[in-house]
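Let the sequences and hints guide you as you build the complete structure.
Given next are the chains, with one letter for each unit.
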Amino acid sequence: LRNNNIRSWEDPMRKYTLLATSFLALGLTAPAVWADGAAPAPLPDAPKFDAQGQVNLVGIGDILEYKALPEYHQPAFVAALEAAGKLPALKDRLPKEPMVYKTGNMKDGIGVYGDVMRHVIGGRPEGWNYWAGQSQGWGGIDIGLQECLTRTGPLFQVKAEELAPLPNLAKSWEWSADGHQLTMHLIEGAKWSDGVAFSADDVMFYWDKNVQDTNVHPLNGANPGTFGEGTTLEKVDANTVKWTFKAAFPTQVLYAMAYGTFCPGPAHILAPQHPSNSKNSYDQYKNAFPGDYMSMPTMGAWAVVDHKPDNIVVLRRNPYYWKVDEAGNQLPYLNEMHYRLSTWGDRDVQAIAGTGDFSNLEQAENYVESLKKSADPAAPARLEFGQRTIGYTLYFNYSTNGWGDTDENSVANHKLNRDLHFRKAVTSMLDRQRLGESLVKGPFTAIYPGGIYPGTSYYDAASTVYYPFNIDAAKAELEAAGLKDTDGDGIVNHPGGKNVEITILANADYQSDKSLAEGVVAMGEKVGLRVIPKFLPGKDRDAARDAGKYDWMVNRQGSEVITAVQNTDKLAPVGPTTTDFHRAGADGKIELMDFEQKLVDSVNGFISASDPKARIEAIKTYQKIATENVYQAGLTVYPGALIINKRFSNVAPGAPIFMYNWAEDNIIRERVFVAADKQSGNELFVDALPGAPGSKPGEGLVK
Amino acid sequence: MLRFLAYRILASIPVLFVMTLITFVIINATPGDYADYVATMLKTQGHASNEIAEAAAKQFRIDHGLNDPLIIQYFRWMRDVLTGNFGTSYFFNRPIADVIAQRLPPSIALVLTVHILGTVIGVTLGIIAAVKQYTWVDTLLSFVGFLGITTPKFLFALVLIYILAFRIGVQELGSFYSSYWSYQPMSLGKFWNLIQHVWPIILVGTLNGISYNMRMMRGNLLDTLNAQYVETARAKGLSVGKTILKHAVPNALHPLAAYQSAVMRYMIEGEIETSVIFGIPTIGVAIVLSMGIGDVLVTATLMLLLGVVQIIGSIFADLLLAWLDPRVRLGASQ
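Heads up: the protein sequence lines correspond to chains C and A, in order.
The numbering of the first sequence is the working numbering, which starts it at 1 and goes up by one.
The numbering of the second sequence is the working numbering, which starts it at 1 and goes up by one.
In short, the hints are calculated from the structure, not lab data.
Incorrect hints may appear among the rest.
Stated by the list, open to error - Simulated crosslink set (DSS-like; lysine-lysine; CA at most 25 Å straight-line):
| hint | chain 1 | residue 1 | chain 2 | residue 2 |
| --- | --- | --- | --- | --- |
| 1 | A | K58 | C | K549 |
| 2 | C | K514 | C | K549 |
| 3 | A | K153 | C | K514 |
| 4 | C | K107 | C | K415 |
So this is what it looks like as structure tokens:
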């Protein structure tokens, strides 16, 4: 066009013709550029493989119920202690109507007593006052010791139409007609592991003196807002409490009543140490139950009886545990739990070798070797892959108002992040197949476009927009964003001059994070984007993330994109600091983009909706807007593998290592057992039960 | 000699002071702190929201004075050090002195074993290699020594753990004892269990030590064997063996004696890379762990300990040299 018309430029008629042609050409070019840009395509199906367990979906009533049984049984050594007068009769230790696990939902049926599950963890117990903020070492210790009003871990096997938290300490509940009040009925006649009755007083002490007292900071951060601003709780009678909410039918709070924000502690032990009842300071209250305080009363299946610092924590069965199987056998089946105090990395190695019994294998680089090893009939452990619930995404930093770096280059990059053409360029430049294979070859990883994970309860394929790998489309979108290589050095330039140089933040402690970031760097180079790695070790990476000091970040996703009902506020900036990619500046305001405002609305709609259909619609809207606008560029998604010693029975097939909770909760450890001919003989405190609260480590056990 | 000793000890005090200051500043120079670790654990393990996790981190900083100017934090720690209380570890929630007291003896025992084996076998092989220079024995030992020096210990450890855990299915991995034996009093059975757990670390460390000592001893001894006093000893009619062992070897040991100052510090670290890979709770693992999560007082205290040991090591090396070499002794007395 240009060559044909230069010669005729002087002719006025030709000039107008040229202008008209030019406008016409421009008019045609715009859709042409659009057509050359990123275009959605159907999301390829995730590959299937044999090692991936298939979940048997059931209703809540198929898993458990509460009822009295005609007879109850216990391990022989506990019966002997009872006969010796060291324990009350079993029927007096159990509640009026214990929780009964249905045999039909137990893969291997009714179990037998004995043996131990040996965990290896990288944490260390700070002490046992979970309710005042002490970590007990993580890795499943706290999940086992604290029983909560409701339970979410086993929900991975609950049908979508019945999806709601399982009853637990709260055996049932009902809403008032206007939806502002929720009456909860606690399990009646249950006892703490020291034999003291559990009641609404324990619930109220937790609420009044730990959650409501702003000087106390429970470990997982329960505060009045966790259950809705303005929410109140009152005791109705010894076994009933009543919630009053500002909003109608805030059903989502039932999830907050599970691990780890509403797990009441033993008021008869805690209350005397609380500053309101003693001369203790709040710090003294927090530290009143240090690491060498044994047999801290628990509603969990096992109580801590020994702690050798930096070596091991040992738990023995709770003779007052309030759950049974359908034959009336008091749970747990396993007599003992070990937690070797080592490193997180050591956990996988020991589970594979067979010196540990349990691990959540998350590092995809280890999958092939671990599978090969477990395929050997003589191997001690087996691997079971769950749903693809481990995923990574590329976060764009959207802040231009002072959160994070405020230098000219960073602000320019953050403005680019706010440009849809730029984000489409980024998502189109990503060869997600290769990114997945950079972690592990084989059928493990799947293409993840962003938003809610494919295959999970709230995922909707029709609402998911996927822009496939297309270098030409990526280049076209960059051009549409105004980025061209004006100096011929292979790197596109900001309008006006400087090369586009983007930092990508990743966690240097994990090879998966680094591999993905390196992949993004290499793929950026192909389209003329210079991406500069910024790999920082864990805590430094977290500090940089929370301060917004990055342009892009490789992020391991959390429960918000798996379950949608947990940490929902992380899906969009509904508050000034709820997300890690867009926060308020010093003025407390967030510069929401138009589509982002719609995302915020849909998230708020989801949180406030009580009607399941309305919630589904709200999350569909979120998914559509988020993926269409490439809110974050999904990278890859893959399943974690549960490594568990082959001697254990009753481990539900397809149990994910993380979904509503960690695998330690998901597999319902209290009903896991070891067949008599497979028992390992690794119990350390044979035929012993927890002693009096405050016993010294390894001492004072009942035997 | 006593004056020399007193001088060295007094001179080390300002060195230690400056070292603690620099170390403390460097440890705190990275952007994150233990409160970030607290927030991360709340988010990843406890599913806490950003706001809750960051509120907990903020509270942790207030409670532990992490918002105070660095110099105040430094002097607060120095006050604890000078009063014999090294502070409390955030991670272990125990006095730092307890953490060190628990990890130090096994760390020293482990590395002392590695060091003695590495030195005795290495020096012996070095003497053999020097005496058998340019024979197949020398070539073989040189090859082994080259491999031992050039193969990083962490790589060797990774290969070893892969074979043990993934291929052979060895059951004694991680920690010093199996759970059962950690509850038993010391006995032959318990000692054997200890050996079953730590032999890979001893193997990796010893092979490295053998290679280093062998190469150094071979070179030193070859130099010494060419010295005039060796020829004189032979001319006096002394046997080859006596000449080597009584005249050449003591002189060839000088650089190895000087090396002891570095070895003392290394001993405290407890075969750091191999211990991390095998999950053995040595002091070195505590250093790596505390640095990773921002448990700064533990890191700073362990660095101080390493500094003290380094100084003691260099004094010890000087004394060892004086004992070995009459020229140093005489020089010192003059």
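Status of the hints after comparison with the structure:
no., hint, verdict
1, A:K58 / C:K549, "holds (19 Å)"
2, C:K514 / C:K549, "holds (18 Å)"
3, A:K153 / C:K514, "holds (23 Å)"
4, C:K107 / C:K415, "violated (54 Å)"
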